[in-house]
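Colleague: Line by line, the protein sequences are chains B and G. Throughout the first sequence, residue numbering follows my numbering, covering 17 to 130 in sequence. Throughout the second sequence, residue numbering follows my numbering, covering 80 to 192 in sequence.
Treat the hints with caution; some may be incorrect.
[Claimed, not checked] Taking lysine-lysine and the DSSO-like style, the derived pairs with C-alpha atoms no more than 27 Å apart in a straight line are:
id : chain 1 : residue 1 : chain 2 : residue 2
1  : B       : Lys71     : G       : Lys179
2  : G       : Lys121    : G       : Lys158
3  : G       : Lys81     : B       : Lys80
4  : G       : Lys81     : B       : Lys57
5  : G       : Lys124    : G       : Lys158
6  : G       : Lys81     : G       : Lys124
7  : B       : Lys57     : G       : Lys121
8  : B       : Lys82     : G       : Lys121
9  : B       : Lys82     : B       : Lys36
10 : B       : Lys36     : G       : Lys179
11 : B       : Lys36     : G       : Lys121
12 : B       : Lys80     : G       : Lys121
13 : G       : Lys121    : B       : Lys30
Calculated from the structure, these hints are not laboratory results. From a predicted model like this one, the values you see are computed outputs, not experimental measurements.
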Amino acid sequence: GAVVSQHPSWVICKSGTSVKIECRSLDFQATTMFWYRQFPKQSLMLMATSNEGSKATYEQGVEKDKFLINHASLTLSTLTVTSAHPEDSSFYICSAELGTGEQFFGPGTRLTVL
Amino acid sequence: RKEVEQDPGPFNVPEGATVAFNCTYSNSASQSFFWYRQDCRKEPKLLMSVYSSGNEDGRFTAQLNRASQYISLLIRDSKLSDSATYLCVVRGAGGTSYGKLTFGQGTILTVHP
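Please build the complete structure, drawing on both the sequences and the hints.
Modeller: This is the structure in C-alpha cells:
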C-alpha cells in the first residue's frame, strides 16, 4: 500500500508555544490530504482537508487561526498548532488520498502540552 | 443520530472463533465504505473496502446493504493477532462531504488463547 510519513512522532511542549507537524506521501502524489485528531478512547475526528496550492477547508468548530495548514507541494502538508494549550494534547494523524478514494494514514503525532 | 454507528463491544473471543461486527450509516448518499483496524496508539490501517456485492479477503468477509444502510465484517478462525479496534468508515458522496471519511467509534476485539 501507499506510504505516508509524519514527523515528529511525538512532541512535548510548553503551553503557549507552537508546534509544526509534517505529513509526507512517500511514494505517490496527493493533491488532497486530511488532518484528524483523536482523543483517548474516541474515534478519529476530521479537522481539515488540505488541498495542494489552495486554502485548507476546516470542519465546523476547528479554529483555522489556531491550526494552520499549508500544502505547498503534492507530497507535503504541514499542520501548525499555534499557542498550544494542554487541551490541545491529542493524537494528530494525517492521511493522503489515492485516486481510488482510499486514504492511507501516517503513523500519527502524539502531542503533549504541559 | 450519529453518522456512523458501531457496537463498541468489547468482543472477547477465543482463538478460532467467528465474530461479526455491524455498522449502520445515516447518509444514504454515501459513496464508499471501508473497514480499518487500529492497534493501540497506532494509526488506522485499511483492512478492506466494502463493495455492494460483498467481498472476501482470506478470513475476512465484508457485506454492504445499501437499502438498510448497513455494513458488516465477519472474521473467521480468529487469531490472537486480530485483537484490535475495528473501525467502520464511510466516505461522503457530494457537496461539502465529498471525499471526507467519517469514522464509527470503533469495535474493540480481543482474541484470547
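Colleague: All hints are to be evaluated individually against the structure, with a verdict given for each.
Modeller: Checked hints:
1. Between Lys71/B and Lys179/G the CA atoms are separated by roughly 16 Å; this keeps the pair inside 27 Å, and the hint holds.
2. Under the criterion of a C-alpha separation no larger than 27 Å, the hint pairing Lys121/G with Lys158/G is consistent with the structure, at around 19 Å.
3. Note on Lys81/G and Lys80/B: the hinted pairing holds, with a Cα-Cα distance of about 25 Å set against a maximum of 27 Å.
4. Taking the CA atoms of Lys81/G and Lys57/B, the gap is near 17 Å; set against the 27 Å cutoff, the hint holds.
5. Of the pairs offered as hints, the one joining Lys124/G and Lys158/G holds, with about 17 Å between alpha carbons and a cut-off of 27 Å not exceeded.
6. Between Lys81/G and Lys124/G the CA atoms are separated by roughly 23 Å; this keeps the pair inside 27 Å, and the hint holds.
7. Taking the CA atoms of Lys57/B and Lys121/G, the gap is about 13 Å. The hint holds against a cut of 27 Å.
8. For a cut-off of 27 Å, the pair hint linking Lys82/B to Lys121/G stands: about 25 Å separates their Cα positions.
9. A hinted pair counts as satisfied when its Cα atoms are at most 27 Å apart, and Lys82/B with Lys36/B qualifies at roughly 12 Å.
10. Distance restraint check for Lys36/B and Lys179/G: the Cα-Cα separation of roughly 23 Å lies within the 27 Å cut-off, and the hinted pair is therefore satisfied.
11. Distance check on the hinted pair: Lys36/B and Lys121/G sit about 20 Å apart at the alpha-carbon level, within 27 Å; holds.
12. A hinted pair counts as satisfied when its Cα atoms are at most 27 Å apart, and Lys80/B with Lys121/G qualifies at roughly 26 Å.
13. For the hint pairing Lys121/G with Lys30/B, the CA-to-CA distance comes to about 24 Å; that is within 27 Å, so the pair holds.
Comparing the model with each earlier hint shows no violations; every hint is respected.
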